[in-house]
Every structure is written in C-alpha cells, then in structure tokens.
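Residue numbers (this note's numbering): 1 to 154.
I should point out that these hints are in silico values taken from the structure, not numbers from a laboratory. Using N, Cα and C, we set each Cβ at its ideal position, and we do this for glycine too. Any given hint could be a false lead.
[Unchecked claim] Pairs of lysine-lysine, BS3-like flavour, derived with a Cα cap of 30 Å: (1) K22 x K33; (2) K33 x K57; (3) K2 x K22; (4) K48 x K2.
[Claimed, not checked] For each label pair, taking beta carbons as the anchor points, the in silico distance ranges come out as: (5) K91 x K33: 24 to 34 Å; (6) Y94 x T134: 31 to 41 Å; (7) P5 x R150: 42 to 52 Å; (8) D153 x Y94: 18 to 28 Å.
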Amino acid sequence: MKNQPDFLESQIIDVDWGVGVKVVKPCNLYNCKIGDHSFIGPFVEIQKDAVVGRNCKVQSHSFICSKVTVEDDCFIGHGVLFTNDKFKQGKPSYEPEDWQETHVGSGTTIGSGATILPVRISSNCVIGAGAVVTKDLTEPGVYVGNPARRLRDV
Numbered sequence: 001m002k003n004q005p006d007f008l009e010s011q012i013i014d015v016d017w018g019v020g021v022k023v024v025k026p027c028n029l030y031n032c033k034i035g036d037h038s039f040i041g042p043f044v045e046i047q048k049d050a051v052v053g054r055n056c057k058v059q060s061h062s063f064i065c066s067k068v069t070v071e072d073d074c075f076i077g078h079g080v081l082f083t084n085d086k087f088k089q090g091k092p093s094y095e096p097e098d099w100q101e102t103h104v105g106s107g108t109t110i111g112s113g114a115t116i117l118p119v120r121i122s123s124n125c126v127i128g129a130g131a132v133v134t135k136d137l138t139e140p141g142v143y144v145g146n147p148a149r150r151l152r153d154v
C-alpha cells in the first residue's frame, strides 16, 4: 500500500469580525481581525495577529502574514504577498520575535502580484502590479518596479 498524506482542510478560526464582512471560501483566516464591510476573496490566508481595516477588499490568492496591519479603505489585488521575515540568518526564522511589522496606510491600493517586505507604507499610495516594496514609502504617490520607486503623484 502506498503512503498517504494527512489531508488538512482550510479553516476559519477565532477571527474578530466587523459587521457586514463578506468572505468567499475556501480560505485560511485565523486569530486575525477583519474590519466592518470588508471583503475577503477565495484562497486568501490571513495569519495570527494580522489586521485588515474597514471597507477593505482583499482579492483572491493573497497572503497577509502575522504582524501586518492594513488600515481602512485599502485594496489588495490578486496574489499580493506580505512577508515579515527578512531571512537575516540566511534562512527563514521560525521565532516570532525575529519577525518584523508591516503597516499599510489608509486608502492605499496594492496591485496584483506585488510583494511587500516589512515596511511602513504611507496613506493614499498606489503600488503597481508586480512591484516589490523593500523600503518605507513615506509619502503618497504611485510606486512601481523592483525595487519599488516613486513614479509620480497620485
């Protein structure tokens, strides 16, 4: 007989829900906070201690890890990836005290396929599809590329 893997189901556990939230299953949401009237698309994972504000839209296949805060009125496109670990030891750290915070200011739009490292992003930014944000974005504007650079005013 062939070996069989352990099959695990997607789960929604201990979420602090706002009113009027819509979630399309399957997704993994655990020990996080989702604000009023936000939308979470399918195949999204939002981890422990992450916060998504009010009136946000998180599109399918996005990953929001621990220590990420997304303020109100933000749009997170398809397949956006956040990370909290900069691999300082040349490999992933499994110790939460090594992870760093990411903060996304209100009214920010993040295009599909963007990657966001542990940074602070000003309110009212537009981050282009596929951009890689490696440093703080301290003023509103349109940011594109790898690494993301300011292209113009909003």
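Verification of the supplied hints:
Taking the CA atoms of K22 and K33, the gap is about 13 Å. The hint holds against a cut of 30 Å. Taken as a hint, the K33 and K57 pair is honoured in the structure, with Cα atoms around 14 Å apart against an allowance of 30 Å. With a C-alpha separation of about 41 Å, the suggested pairing of K2 with K22 is violated against the 30 Å cut-off. Using a Cα cut-off of 30 Å, the hinted pair K48 and K2 is violated, with the two alpha carbons roughly 35 Å apart.
Separation of K91 from K33 is about 30 Å and conforms to the stated range, judged on CB atoms against 24 to 34 Å. For the pair Y94 and T134, the beta carbons lie near 23 Å from each other, so the given range of 31 to 41 Å is not met. Range check, P5 to R150: Cβ separation about 46 Å, and the 42 to 52 Å hint holds. Remark: the range hint 18 to 28 Å for D153 to Y94 is contradicted by a beta-carbon distance near 41 Å.
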